[in-house]
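Please take these sequences and the hints and turn them into a complete structure.
Counting in this note's numbering, the sequence shown runs from 1 upward without gaps.
Don't read these hints as lab results, they were simulated from the structure. Every residue gets a Cβ at the ideal spot worked out from N, C-alpha and C, and that includes glycine. Treat each hint with caution, since some may be false.
The following label-pair restraints were derived from C-beta to C-beta distances [as the list claims (entries may be wrong)]:
| # | residue 1 | residue 2 | range |
| --- | --- | --- | --- |
| 1 | P14 | P87 | 47 to 57 Å |
| 2 | V53 | L13 | 18 to 28 Å |
| 3 | Q23 | F56 | 15 to 25 Å |
| 4 | L13 | L67 | 33 to 43 Å |
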Amino acid sequence: SGDERGFWTGWGLPSTWVLVVLQAFVGLGVSAIVRKYDNVVKILCNTVVNIVVYIFSVMFLGYSVQLDFVLGASLVLTAAYIYNTSPKSEAATPQKRDAESGSS
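As structure tokens, this is what we get:
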């Protein structure tokens, strides 16, 4: 039947507003990344952030390191390395597309 306290419960807590402001900055950061780079970079950045959060959770919150995480993180970091070291096509850059279409 849902939570009896209602949707607006907890909005008076300072920690709630800290999370709201942090999420707003995350949204601004994502929009800046997507504007300057392509969607693959956004996905790689998001995944690297998840890896960093997991590492902090292991260090400070007592989480244990799981084999599937190590394998997944290795795969993502390898993909990021390959993506960043491979030669870039000029047609694939957002700046080139914007210049060709006449928008800025």
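Now for the hints, and whether the structure bears them out:
1. A C-beta distance of roughly 49 Å is found between P14 and P87, which places it inside the suggested range of 47 to 57 Å.
2. Between V53 and L13 the CB atoms are about 22 Å apart, so this pair conforms to the stated range of 18 to 28 Å.
3. The hinted window of 15 to 25 Å between Q23 and F56 holds, with their beta carbons roughly 18 Å apart.
4. Against the hinted window of 33 to 43 Å, the Cβ-Cβ separation of L13 and L67 comes to about 37 Å, which satisfies the hint.
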